[in-house]
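Chains as they are written, first to last, in this note's numbering: chain X, 1 to 129; chain F, 1 to 214.
Bear in mind the hints are in silico, worked out from the structure with no lab data behind them. No residue lacks a Cβ here, since even glycine has one placed at the ideal position from N, Cα and C. Accuracy of the hints is not assured; some may be wrong.
[Said to hold, decoys possible] What follows is a list of derived Cβ distance ranges for each label pair:
(1) Thr-2/X <-> Pro-130/F: 46 to 52 Å
(2) Ala-29/X <-> Glu-139/F: 53 to 59 Å
(3) Thr-100/X <-> Gly-182/F: 30 to 36 Å
(4) Ala-110/X <-> Gln-110/F: 35 to 41 Å
(5) Glu-132/F <-> Arg-44/X: 33 to 39 Å
(6) Arg-135/F <-> Glu-74/X: 38 to 44 Å
[Claimed, not checked] Per the computed footprint, the stretches of chain F lying under chain X, defined by three or more beta-carbons under 8 Å from a beta-carbon of chain X, are:
(7) 74-81
(8) 109-120
Single-letter residue listing:
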Amino acid sequence: MTIEAPWARATVPAARVAGAYLTVRNASAVPDRLIGASSPVAARVEFHVHTADGEVMRMRQAQALDIPANGSLELKPGAAHLMFVDIRKPFKQGDLVPVTLKFEKAGEVAVQARVGGLADRSAAHGAQH
Amino acid sequence: MKRRRFLALSSVTLLAACGRGEPAGKFNATDITGVDWARGFDLTDHTGKRRTLEDFRGKVVMVFFGFTSCPDACPLAMAEMGEAVRRLGPDGDWVQGLFITVDPARDTAQALSNYVTAFHPTFLGLRGTPEETARTTKEWKVYFQANKPQDGDPKHYLVDHTAAIFVVDARGQPRVYISHNGRTVERIVEDLKRVYRSGGSRSNEQGRAPESGR
Chain X
1 MTIEAPWARA TVPAARVAGA YLTVRNASAV PDRLIGASSP VAARVEFHVH
51 TADGEVMRMR QAQALDIPAN GSLELKPGAA HLMFVDIRKP FKQGDLVPVT
101 LKFEKAGEVA VQARVGGLAD RSAAHGAQH
Chain F
1 MKRRRFLALS SVTLLAACGR GEPAGKFNAT DITGVDWARG FDLTDHTGKR
51 RTLEDFRGKV VMVFFGFTSC PDACPLAMAE MGEAVRRLGP DGDWVQGLFI
101 TVDPARDTAQ ALSNYVTAFH PTFLGLRGTP EETARTTKEW KVYFQANKPQ
151 DGDPKHYLVD HTAAIFVVDA RGQPRVYISH NGRTVERIVE DLKRVYRSGG
201 SRSNEQGRAP ESGR
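Work out the full structure: start from the sequences and follow the hints.
Take a look at the structure:
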């Protein structure tokens with residue numbers, strides 16, 4: 001199980017939530033599930049997926065995210081993201097945000113998400129693994 | 001709170017087909033030429049100046065409704081809008097990007113100023129009173145629903161909302177509705193150019209045409 005390019009977007013001062021993204025690659029023949037996440041910088045970390053209800057973008061919390069065998073799970077803007085709820089302070093570009101991902105089979109994996117700009121649409125070069 | 005239903009897409013395309021003599025463009029996104037809504041707004045920009053849609057006549061206008069605390073859909077749309085303007089190169093000055101907040105309680109003028117200019121220095125944020133906001137979202141058929149705070153803190157609420165980009169032509173007529181579905185910067189750029197070519201822009205009338213790409 002490898003985690004690629006975890007990154008987050010900077011937040012405005014008034015924001016109490018922040019979004020982060022990453023790609024999980026599962027090289028094993030056994031499917032796995034992302035069943036939790038936590039971070040010292042937020043009260044809790046949730047998984048949110050976007051579902052289109054006609055023309056309205058609805059954000060819905062998912063309890064777990066599936067990772068297929070020999071496959072990957074991509075959290076990216078407009079699709080799915082980690083939502084940091086009740087962040088202790090704003091995310092500033094250049095910060096490294098620690099987050100622990102909990103997998104059903106692979107167990108806990110700690111990563112650091114690099115905070116990019118407010119307007120970023122993808123991870124900047126040199127994002128940490 | 002009673003939810004307001006957004007017009008079904010089929011009825012939007014029906015309205016477009018009943019346009020007032022303007023040929024329906026071959027837009028990537030939904031043609032809303034001829035609709036009798038999305039006709040204007042009367043709000044305050046992030047510099048404190050009162051603005052209406054008429055103020056932007058002569059430019060192609062992109063309008064997005066959102067809120068600055070939105071973690072994903074709003075920054076994505078705004079970033080796509082900013083990138084679209086950058087890809088228009090020196091001719092990008094015939095486009096105006098606008099962000100109308102559906103959350104004026106948290107989105108002060110200062111918050112809007114810092115936010116919109118991060119996506120493009122020419123973008124303007126607009127806000128209003130709760131009544132002005134409700135009137136504007138009704139005029140643009142934008143749905144927004146503030147969800148209850150999850151943990152009792154009144155500041156911790158999320159807002160469901162329409163996540164489309166509207167394009168208004170240089171004569172102030174709504175022309176394109178760009179849904180989040182399948183939206184890319186390239187497709188936005190193509191539709192902006194098509195709207196520009198349909199006329200009404202100051203520079204267009206002087207005979208300049210937009211460059212293709214950088």
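Hint by hint, here is what the structure shows:
1. For Thr-2/X paired with Pro-130/F, a C-beta distance near 48 Å keeps the hint of 46 to 52 Å intact.
2. The hint said 53 to 59 Å for the Cβ distance between Ala-29/X and Glu-139/F, and at roughly 55 Å that hint holds.
3. Here the CB-CB span from Thr-100/X to Gly-182/F is close to 35 Å, well matched to the stated 30 to 36 Å.
4. The supplied range of 35 to 41 Å is met by Ala-110/X and Gln-110/F, whose beta-carbon atoms lie about 36 Å from each other.
5. Hint check: Glu-132/F to Arg-44/X, Cβ distance near 35 Å, so the stated range 33 to 39 Å holds.
6. A hinted range of 38 to 44 Å for the beta carbons of Arg-135/F and Glu-74/X is consistent with their spacing of about 40 Å.
7. Look at the stretch 74-81 of chain F against chain X: 5 of its residues bring a Cβ nearer than 8 Å to a Cβ of that chain, three or more, so the hint holds.
8. Taking a C-beta to C-beta cut-off of 8 Å, the stretch 109-120 of chain F contributes 5 residues in contact with chain X, enough for the three needed, and the coverage statement holds.
Violation of the numbered hints given earlier is absent; every hint is satisfied by the structure.
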